[in-house]
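Chains as they are written, first to last, in UniProt numbering: chain A, 1 to 358; chain B, 1 to 358.
By construction, these hints were calculated from the structure, which means they are not laboratory data. Hints may be right or wrong, so weigh each one.
As the list claims (entries may be wrong) - Selected chain A positions facing chain B (in silico; Cβ < 10 Å): (1) PRO114; (2) SER159; (3) THR334.
The structure displayed is predicted, hence computed values, not measured ones. Glycine is no exception: its CB is placed at the ideal position from the N, C-alpha and C atoms.
Number of protein chains: 2
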Amino acid sequence: MDQQQRIQNVHRNGGTGETSYSANSSVQKKVILITRPIVEEAILNMLSNLYGNNTISAATSKPRKTTIGITELGCSSGPNALSVVSRTLEMIYNKHCESGIVMPEILVFLNDLPSNDFNTLFKDVGNFCDDLRRTKGDDSGPCFAAGMPGTFYGRLFPSDTLHFVHSSYSLHWLSQKDFKIFLECRSEELVEGGRMVLTLVARSSSEDPTSKECCSFWELLSMSAHDMVLQGAIEEENLNLFNFPNYFPSPEEVKCIINGEGSFTINQLETFHVSWDCSDPKGDESVTNKLRSAYYMANVFRAVSEPLLANHFGEEIMDLLYDRFRERMAEYATKEKTEFTTLVISMTKGHKLPISEV
Amino acid sequence: MDQQQRIQNVHRNGGTGETSYSANSSVQKKVILITRPIVEEAILNMLSNLYGNNTISAATSKPRKTTIGITELGCSSGPNALSVVSRTLEMIYNKHCESGIVMPEILVFLNDLPSNDFNTLFKDVGNFCDDLRRTKGDDSGPCFAAGMPGTFYGRLFPSDTLHFVHSSYSLHWLSQKDFKIFLECRSEELVEGGRMVLTLVARSSSEDPTSKECCSFWELLSMSAHDMVLQGAIEEENLNLFNFPNYFPSPEEVKCIINGEGSFTINQLETFHVSWDCSDPKGDESVTNKLRSAYYMANVFRAVSEPLLANHFGEEIMDLLYDRFRERMAEYATKEKTEFTTLVISMTKGHKLPISEV
């Protein structure tokens, strides 16, 4: 499988069934809640940039139509796909109601790979837009939601189209080189002063990139695949041909790539820990609870990894493989700390002025 | 079924199977070929408007990024969805190569109802973009294709976003009022001087709007549904609750609505005839051939009407209903002329200057 093919299969399970991403995404929801203050700060700052030099009052001048472009990269489908978009719209409306500035039009791009389940996503978009009209009325100004299929390791949008870019738990990039390309593309697409908030699984320090804290999932999945070789369900040769396309960077590595690329100023960069079952880290640590977490987390992980593995090993052995994976997760949970590290970065397109120019 | 619900079900059969729109859309393809010169004239005119007052040479000035917005309304999925978009891109590239103007970025919006099969469409978009890169190389400038789910009887895009709007065989509007709303929405979305080409089934003259030439399909389908009532497969009460949401206007009616709305200047308005099997109207008129045409046309019509009928009468009687419809079509074909009238309108957003102002 070459990189192009691999990228095509890095999507989540579609639909709404038991193994779907839609039914197994509450870790992702928890992470969105934790990072919410950072997202809100970024949106307010983006709006100040947009209107700071260009305040047009509805009362004094002819309404000028502004279009604010926002995107959710790797949105998938299900309950999380629209949650940050929804909060962003709410904040824009509130800002405009407060200030009396003419309400902008908003163009939302929902991005994921072409193999994502856009049909399910668009059903939710319809309900979302109906709700918006019901709660905000016609005064809210039009909001348009488009699906944008494609990989974010290439250009996705016209130049100077976006004011806010968000991505949560989809950017565990394939390599440092890929991340640099990602930044270059977004730099073309964001307006000057536009904001970007990215959340991804990471290492909490710059130690060994294969350390236990971040790689345990892939390692356990890899061990489960090995078990399948021993059972004769997977050929050893085929397993050797497969590479898990993930890389979890440390905060220092991320800083270094962003500063090296040069288009963005980092505003905030933080790490935090999330337990496998989204519970309070100081909560119930009983074996029963740990096993429940492991079972839950195995399902979450299946929802995000199955399309990739099914494409390589075949649909028919997926139940067997993920049953073994669940057992491996349970074994691990009784012995190790069941949490992982998450990194959130908020940045601005463009540069802070050097002190001498302020 | 209220109008909102009805709109939600006016889409074509998805997928690529025997009854899919994808496998039954060669009449639509034929119509796209016939209207091609009108579409090409509109695109060239749009490009002249765009660059007439604003010629920027790549050699003499800093490249300025222009984004050209184009949309295919009611694109469905299958081989026709991208064919006009493809020709439009080709013409834009040729124009820019000839003139040395900096290549623009192009944003394509593929619109259909949320219930359209966007998953199948996006697979084709991926191949389409790959082909584009292969044939045009990196010099072609980026082209971005987004899916825009929603009804075109409301706003779909931000203001002043579109340069060219195309729709073929999807705009057999529900009523004159709906068409006026359609024009008002597109007028907001098109830039001044932007072009729109619409193709739709019509009556060729202003005579009785229920005349045979345009209504035979719906009438035959309605008669088939009545046959099902006699067989006990459909309840009479349920049939009475159902209304076919189509209206086929005459050229005079269309002109009158466009001029009344006031945002557009009509450049061309023509009608032409298409035979049921896409053959030359003076071709083989044997009974065998007419039966073949009727069979073919019954499939085409099933692909565009089944979702609407299945929603009202239930999936399970669709095969039975369309078998009867095929028989009715065959009976009709041996007695009547098997062709229908199509109307194409090309218009410009904005007005020709009155003579005194020229």
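Results of checking the hints against the structure:
1. Hint on A:PRO114 holds. Least Cβ distance to chain B is approximately 4 Å, under the 10 Å limit.
2. Among the interface hints, the one on A:SER159 holds; its C-beta lies about 4 Å from the nearest C-beta in chain B, closer than the 10 Å criterion.
3. Interface restraint check: A:THR334 against chain B, minimum CB-CB distance 41 Å, threshold 10 Å, status violated.
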